Every structure is written in C-alpha cells, then in structure tokens.
Amino acid sequence: MIRNYFTVAFRNLLRNKQFSLINILGLALGIGVFLFIMQFVAFEWSTNRFSKNFDRLYRVNVQSKKGDAVYNVPPGYAPILKQQVPAIENYVRIADGIASGVVTYAAPTPIKDRTFREEQMIYVDGSFLQAFSFPLVAGTPTFSEPNTLALSETTSKKLFGTDNAIGKVLMVSNQFGNTPYTVRAVYKQPAASDVKAEILLSLQTLESKAARGGNDWADPSGLESGFVNIFLLLQKGADAKLVGSNITNLVKKANPGANDDTITLQPLSELHLAPSFSYPLQTYGSLLQVVVFFCVAVLILLIAWVNYINLSTAQATNRAKEVGVRKVLGASRSQLVVQYLAETFLLTLASVVVALVLVTLLQPYFNDFTGRQLALSVLNSGWFWIAGISLLLAGSLLSGSYVAFVLTAYKPISVMKGSVQSSVKGFSMRKGLVVFQFTISIVFIIATIILYNQLQYMKTEKLGMDLDQLVVIQGPTVTSEGQAARNVSFKNALGQLPFVKKYAASNNIPGQGYNFSAGGITSLSPQNGDDKKSYSMFICDERFFDTYGIQFAQGQTFSRNDAESSWNNVRKVIINEKAARELGFNTTENIIGKKIKWGETFEVIGVVKDYHHLSLREAIKPTIYLGSVSYGYFTLQTDTRDMGNKISAIKKLYSSTFPGNPFEYIFADERYDRQYASEQKLGNVFIAAACIAILIACLGLYGLAAFTARQRTKEIGIRKVLGASITSITTLLSKDFIILVIISIVIASPIAWWAMHSWLQDFAYQASISWWIFIVAGTMAIAIAWSTISFQAIKAARANPVKSLRSE
Amino acid sequence: MIKISELEKIYRTEDVETVALNKLTFEVKEGEFVAVMGPSGCGKSTLLNIVGLLDDPDDGSFLFNGTEVAKYTERKRADLRKRNIGFVFQSFNLIDELTVFENVELPLIYLGVKAPERKTRVEFVLDKMQIMHRRNHYPQQLSGGQQQRVAVARAVVNNPKLILADEPTGNLDSSNGNEVMQLLTDLNEQGTTIIMVTHSEHDARYSHRIIRMLDGQTVMENIMV
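Protein chains in written order, with this note's numbering: chain H, 1 to 808; chain S, 1 to 225.
Please note that the accuracy of each hint is not assured.
[What the hints assert, rightly or not] Restraint-style ranges between C-beta atoms, simulated for each label pair: (1) S:Gly-144 <-> H:Phe-369: 56 to 62 Å; (2) H:Leu-397 <-> S:Asp-127: 41 to 47 Å; (3) S:Gly-144 <-> H:Trp-383: 54 to 60 Å; (4) H:Glu-715 <-> S:Pro-116: 49 to 55 Å; (5) H:Leu-397 <-> S:Pro-116: 32 to 38 Å; (6) H:Glu-715 <-> S:Asp-127: 42 to 48 Å; (7) H:Glu-715 <-> S:Lys-71: 56 to 62 Å; (8) S:His-137 <-> H:Ala-191: 55 to 61 Å; (9) S:His-137 <-> H:Leu-397: 32 to 38 Å.
[Said to hold, decoys possible] Derived BS3-like pairs (lysine-lysine); straight-line CA-CA distance at most 27 Å: (10) S:Lys-3 <-> S:Lys-76; (11) H:Lys-411 <-> S:Lys-161; (12) H:Lys-411 <-> S:Lys-71; (13) H:Lys-502 <-> H:Lys-572; (14) S:Lys-3 <-> H:Lys-411; (15) S:Lys-23 <-> H:Lys-411; (16) H:Lys-82 <-> H:Lys-196; (17) H:Lys-594 <-> H:Lys-532; (18) H:Lys-321 <-> S:Lys-23; (19) H:Lys-609 <-> H:Lys-502; (20) S:Lys-3 <-> H:Lys-321; (21) H:Lys-188 <-> H:Lys-158; (22) S:Lys-119 <-> H:Lys-411; (23) H:Lys-652 <-> H:Lys-112.
Worth flagging that the hints you see were computed from the coordinates, not collected in a lab. None of these values were measured; they are calculated from a predicted model. Beta carbons: idealized from backbone N, C-alpha and C, even for Gly.
Sequences and hints are given; from them, build the entire structure.
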C-alpha cells in the first residue's frame, strides 16, 4: 500500500514537471532563506551561553535617578564588595577601550621584529578565562601577576606561528607608555561572546604607578573614575536583586554623594539581547534587529508555504478523478487522507533537502554578506529541531489538507465527474492567499526603497564640512623622550610635501567621535539647570577647521601659539552654534570675547556653524573645541592622482619620525560612511528579502496563471471562435491577477508606511516618506506580476481554438 | 440479490428540484444480466450509483442480499462495496499514473490482500482478458478497447458477486465494443450478476432482461429469449 502511494506520488511529480519544480523550488527557497536568517537569530540568542557560569555572572550597572545606566564603574569597588557581600564568590573586571595600542615582539635575530596595532586589547583580572569559560589552549588558566598577558590562538599564530608562545615577552605601547608583558596563556576566542579580545592584559599591571605612565585615574584600586565593567560571580542560588540592593546600601554608606544611585546586577543572559524592548540596560546585541530579522524569516517562509498550498490545491482538481476511482475501488476516506498527507509530506521533505543543499552551497556568500561566521551547526539544538519538525508537519498538513480532507469528503461519483462545487470557494481562498503574498512582498519593496532613500539621504546630505580628498593618518602610539617635538616636526614636514594642500592634527576625527564629554559648563550668568547640560569636547589644532572645511559663523580659529601652548594654559575655546544656544547665547549677537565657566573661566574666540560631526542618525551635539598641538590623527588634503606614491612618501616620513609605530591611514569619507554600515547591512538584508519574496510570489503566480489558463481552455476556445482577439484574451486572463496585486498595494502601503515611519524615528535627520515611493513600489509590483502572468496568458490566447474545443 | 422498492432520489440546487428516481421499484436475481435503458436524464445512472452503493437514496428500501442498506453510512457502504461490487465505466476511469498491473491490483490492495497473492490474482485476470503483454504499460499507451479490458479486469479481480457497467461500450468502436460485451457475457455465464446501463439496443440484446426507464420510473420490461 505505502509503495503504491509513493509510486503514485512520484509519478505525479514527474508528470507535472513544471508544477513540481515550482512547488519544490519555491518552498526550498523559502526554507533556505528561513534557515539562513535563523542561523543569525540562533547565533544572537546563543551569544554568551557557552559560559559555564552563564547563570551566575552579573554585570554591575549604576543607575542614577537622572540619567542612563552607567556600566563603566570605578574598579576599586570590586574587592570591597567581595569582602563585604558573602553572596559574591568572585569578581572579574574588564577595562575595554583603554588598552589599544601597538604590540611589538622583539624577536631574536635573524627573524625580523613583529609590530602591529591591536585595537582588541583589554585589561582584565587574571581569573577572566576561568570565570567566562574561554577555552584554554596552552599555559595557565589564571594570570594575576602584573606584566602578564594571555593571547588568543589567532594572535599567537600571527606572532609565533606554531612555536610555543608561553614565556615570550611582548612590548605593549599604549596610552600608559611602553610596558613589557610575559605571555602566560593562549586561549580560543569563542565566536559567540560579547567580550572579544585578541590580547588580555593583566589589570594588576596598572597597580604600579610607573606602569600607569602618569594616568592615575587608571589605578585599579581607585574609587573615582569609572573605566571598568565589573562582573560578579555569585554563589549558587544567590538572589541577584537582593545582592544588588545590598550593594546599593554599601555604596551609599561609603559615598554619600551617590545617594541617587541604584546598583543593579545585569545577568550575563541579558547582556547580549534584552528580555524586552523597554529594557533599560545597555546590551551588545539588538533585540529589535533580531525580532525584525525573525519576522522577515517567518514572512518569507509563509509566502513560500502559501505558494505551496495554493499550487497544490489548484492542482487538486486534477487529482479528483483519482480520488473518485480509488473510492469506488474501496479506499476508505482515512486511507486516502493518509495517502495525500504522506504525499505532501514527501514533497515538503524534498524541499527541505533541496533547501539544505542550497544553504550549504551558499553559506560562504551569506557569511560574506552578513560579515559573520555562521553555519547550519548553529541551529543544532533541541528547540530548533522540535520547532523545525513541528513546522514541517504543520506545513504538510496545511498544504495537503485541501486534497486530503475536502476532496475525499465528496461522493466518488461527483469527484470523478469533476463537478466539485467547492472550486469557486477554493479559488477565492487562493485569491486571498495571493493577496497575502503580494502584500508582504510589496511591504518589503516599500521598506527597501525607504531604507535606501534614508541611507542615500544620510550619505548625500550636506554635512557642513568637506571630507573629500582627506587622508587621515593614525598618530603614533609608541612614544619616547621628546615626543612632543617629534609630533610638531612631523606635522611641519607634512606641510612641506609638495602634494599636500592642507593639513591638520586632532585627537579624534569626524565620523569617529569626540575626545570626552563634560558637564558643569555654563555662561557667567547661568540659568537654573544649565550645569546639568553635557557638552562634547574635541581637541584639535588651529588648522583643523580649515582642513575639514568647517565654516566660522563668528570669530576665527586658534592662533598657532594658542594651540601649541595648549588649552589648559591659554583658556580659549571655540564652540559650535548648538553649544552657543545651549550656553544661553544669542547666535545673532556677537559672542566673541564672551566668557564661559568650566571650573576656570574660558574665553570664546570663535563660533563654528553647526555641522554633522557624527552620522545623521544623531542630532548635532553642543561641542566645545579645545586647542592643542594634537597628535592622535593627522589629516591632509590632496587630490587622488598618483595616490600610491603619495602614500609611500608619507609612510617614509612617518616611519623615520615615529620609529616602531605601524603606519596606518584611511580616507576621511570612508571612515565617515562606515557609520552607516549597520543601515547598509539592514538594507542588503531587505533588498535580498524583497527579491526573494517577490521571486517566490511570482513563482506561485506563474503556476496559478498556468492553472487558470488550463482551466479556462474551453472558455478561451469559445471566445476565440466568437471572434475575440489575442489582446482581449490576454487581458481577460491577466485582469483578475492584476486586481489582486492592486488590492495588495492598497493593504501593504499603510503597513509599510507605519513600520518605516517607526524605524525612521531612530534618526535625528530623516528623509521624508513621499508618495512617489508607493507609486514606484506599486508600479514595480504590477509590472513584475504582469510579466509573470502574461507569458501564460499569451500562450493560452494564441492556442488553436479548435484543439481546445475538441479536447473538451 | 437486489430488491428495491419505492426508491426516491431528488437533486436540489438553489432554485431547481430534479426528481431523479420517483418511487422506483425493481428487482435483480442472482446470476441475472440486466440492461437498463432510457433517454438521457431518466435516472439510469442515479439508479446505478445507488445500486453500486456510491450514492444514498432519499427514501425507500434497498435490500442487498436480504440486508437493508438504504440507510448505511458511507463507511459501511464502502466496505460492502469493495467486497461485492465491481464497476465498469464508459470513460474507463483508469488512474493515469499507474500501470495496467497496478491499476488492476488496486482493489486487492484496499481489500488487504497480501502481495504474493495479489500478483497471482492480477496475472490470472490479465491473462484471462488477454492483456498480460501490456501489464507494464500506462493507460495512455493503450487503445480504448484495451483500456476497457483493463477496466473490466480491475472490476472482476476481487471476484465480485455483482458487476455494474455504465455504458461500457460508449467510447469504443463496434468491434472493441463487441469484445467487451463478450467478456461481460462470459463473466455472467460464470455466475456473476451484471447490471448494465446502455443506450445501445445492440448491447442490450446481450442481456437477459431489459428495463426501460422514463422520468425516474421503470416503464417497461422486456424479457430476452
């Protein structure tokens, strides 16, 4: 019996090659996309879960009444807390973003020294590897003495190849000076971890004043400046809420000034993805992004399945005779139900297999596309198998049920004669499903257009500065005696190069950030609450504004002398218009020479016109520019001709002035555009989603059109005999479908508008959602749908009427 | 074998009510070969469907081998049907995706007959119908006469007591038609009861008795000599 079912199922597939192909391919495509996106979702979900202490590690957050949660806290609290709160088993402090610098391995001759800049270098407590369960490759699991470090396997290979790294000494040059470290451990960096580092430096190193290089704020026992994340490993069964409030009380006792602060413990399980959209604490991943991607995945899968249901039910009438004959020959209804469900299950399974093959083949491209190392193995977990298999069964049941339940319910005689009355009802359901598919596709199209429109707007909107032809050179990190003089001489030498039109130095660059933010800055006659306002501080030399094309509204730039004497000595500042307004100045009046208070009194010598220092996602910040000779970044303007030679000339100059520092450069506009990488990525995903959704929907439409054309063969024949033209018949056949697409446009437009309007709220500067977007999307949908249908319609219309009538 | 009395079947659509069988009374004895004739729409096919347990009557009594089956559920009818009745249709109604062998095998599968026995029985009837050489062909590869022979083979493979034939020669030329009629006569002579609906006086002459219908009632009976 089973063999007979499979024989029939298989022969049916072969006989209707076109339908089978559309059916299996469409569903496989949908499942494939679903699997890809689910890889991403599962990866996000699994982040940090590899840690054995996943349910016992908590990050300390300080929540003040006024502001956001702060997670960079003073490191000195950690040992005090461990001592006073018994529920705390251990702590790990992580200082991210202060360690980056240049690493040098002074190799014994004849091998050349190896030097490279490492951004992913962090200070941690020596128990880090154990607490976070990073797998140890070599060495000891803890490295608590000063001047020790752990290397990732990749970095170890980069530096030492297959040689043993343990015991080797590396020189690390960063803001704390040049410090030697001994390698104690080599670890494997887990992909699904929020803490990412190529090199882990022992935080204890900074306990020595000499190793801090004058940066006393970085004292690991300090209680003032917050620069570490403190992770607490709680005892098994400890109540994190209770521990949090215990800590709050302790901190209040120790520091009455922190009366407004509440300490909360953020579980490692909520570090990557927030448990809700209103989660107040900072997370590394984006719940919204995961949810949006998940919805896209589900919608595409739905489109594919709808296709499948549509095509199989459309074909069902072809199976009517078979159902009837089987019934007459004694098949019970349950036998038939099982037969047809098994058949759809087989088809679905075939699609899954095709999808798996597709995914495996396309995985490298997908990884390039998303910039992540994903694989099907990410999905290998209990919940996914359960969900996957139930989805498979549910899908087979849904798509097979029309044939299995509806058709088999009829009297054998009526199904055999093909007079199944439900064909009208069946068709209206099919129409509904087509509308559903096209609605989703059109929402994707509109969303994509709006997304790219916004991206384009952000990329082309006047920034208020000119980033064209600007080359930015990373300043030196490895420093030595007489550094300041070398910085000045390098800058001067840059200006001497024949191809350099303009040049400047600054301690950060547009598109990347400021230097720090500060509060408590007011005019001499402040309003109530002015001291609570926050200002972005940017350190640069006198040439910065001219080089970046930033215009002055009032006053002028620093004098060279001011910059070289440094801002804390000369007490002169430049502000932007936004800052002027925040300080309470009227920008139409003369502000030059006015004084502001920031501890000491500073004189405003210039007001620059507002420009977009950071991406258009963010509002322009009130900014105060502090003059200094600066050596973080050197910017020069030159045209793009003969770039290779120019770069090597600069490199030569750089290497001779700053020996031991790797030469790195970037174009200012590239750096600026990099801010839109996540929007670009989202845009790519949407473009792909829209294309695939449309493709699958069109596959279905193509199949349906073929089916209708076949069903209406007799009608077409009669119409042709009565004198209908090919055009009129093509129109007749296409019209119904086009109406469905138009209905979809009407439904999709408000949904897409609402979704994208909400999305745009994240941007301080938004491109408007104008009516033409909907017209374009609608026209596209109609054009695509029409070209899909017309092929079948024209084919049917051109057929010889005599043939179609005779076959009836 | 079949005793029908006061049988009624009415088809209703939204506006129209069509009386297909109007208090029809009619009897067929075991071993008989009965032809049912009449103009289109007189109710012959409806009668055949009810006798074949494919359809249920609205009113009246239907005794099959002495058992009242008029009020049987679909399931019970199906069960009775697959054990006792074979069908031959005008349009053959073979399943296009199955070979000759597989088509004939189908009723045995639904009866739960084991595979080795199925093979023996199918080959036996195929041989008897002289289409053994076509056993692995698909219906589209056969002529109309051959297709109808497969259909007859399928109808008799489970040794039914009753064969219902709905215009079995309607789609065949005269020589193929005669062949099929000869097959039916042979089966009847071996003891199978046959009820055949036909438009053809020629075919009807193969039967023992002709029942003529008009407007859902029997109007005349001719006993053939």
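Checked hints:
1. A hinted range of 56 to 62 Å for the beta carbons of S:Gly-144 and H:Phe-369 is consistent with their spacing of about 59 Å.
2. For the hinted restraint 41 to 47 Å between H:Leu-397 and S:Asp-127, the CB-CB distance of approximately 43 Å keeps it satisfied.
3. Separated by about 58 Å at the C-beta atoms, S:Gly-144 and H:Trp-383 satisfy the suggested range of 54 to 60 Å.
4. The beta-carbon spacing between H:Glu-715 and S:Pro-116, approximately 50 Å, falls within the hinted interval of 49 to 55 Å.
5. For the hinted restraint 32 to 38 Å between H:Leu-397 and S:Pro-116, the CB-CB distance of approximately 35 Å keeps it satisfied.
6. In this structure, H:Glu-715 and S:Asp-127 meet the distance hint of 42 to 48 Å, their C-beta atoms being roughly 46 Å apart.
7. Roughly 42 Å separates the CB atoms of H:Glu-715 and S:Lys-71, a value that falls outside the hinted 56 to 62 Å.
8. Range check, S:His-137 to H:Ala-191: Cβ separation about 59 Å, and the 55 to 61 Å hint holds.
9. Distance hint for S:His-137 and H:Leu-397: a CB-CB separation of about 36 Å, consistent with the stated range 32 to 38 Å.
10. Under the criterion of a C-alpha separation no larger than 27 Å, the hint pairing S:Lys-3 with S:Lys-76 is consistent with the structure, at around 18 Å.
11. A threshold of 27 Å between alpha carbons decides the hint, and for H:Lys-411 with S:Lys-161 the separation of about 23 Å falls inside it, so the pair holds.
12. At roughly 15 Å between alpha-carbon atoms, H:Lys-411 and S:Lys-71 fall within 27 Å of each other, so this suggested pair holds.
13. For the suggested pair H:Lys-502 and H:Lys-572, the alpha carbons sit about 24 Å apart, so the restraint of at most 27 Å is met.
14. The straight-line distance between the Cα atoms of S:Lys-3 and H:Lys-411 is roughly 23 Å, inside the 27 Å bound, and the hint therefore holds.
15. Note on S:Lys-23 and H:Lys-411: the hinted pairing holds, with a Cα-Cα distance of about 23 Å set against a maximum of 27 Å.
16. Restraint check for H:Lys-82 and H:Lys-196: the C-alpha separation of about 25 Å stays at or below 27 Å, so the hint holds.
17. A C-alpha spacing of about 20 Å is found between H:Lys-594 and H:Lys-532, which places the hinted pair at or below 27 Å, so the restraint holds.
18. Under the criterion of a C-alpha separation no larger than 27 Å, the hint pairing H:Lys-321 with S:Lys-23 is inconsistent with the structure, at around 31 Å.
19. Restraint check: the Cα-Cα separation between H:Lys-609 and H:Lys-502 comes to about 20 Å, which is no more than 27 Å; the hinted pair holds.
20. At most 27 Å may separate the alpha-carbon atoms for a hinted pair to count; S:Lys-3 and H:Lys-321 exceed this at roughly 30 Å.
21. About 14 Å separates the Cα atoms of H:Lys-188 and H:Lys-158, which keeps this hinted pair within 27 Å; it holds.
22. A hinted pair counts as satisfied when its Cα atoms are at most 27 Å apart, and S:Lys-119 with H:Lys-411 does not qualify at roughly 30 Å.
23. Under the criterion of a C-alpha separation no larger than 27 Å, the hint pairing H:Lys-652 with H:Lys-112 is consistent with the structure, at around 19 Å.
The structure does not agree with the numbered hints 7, 18, 20, 22 stated previously, though it agrees with the rest.
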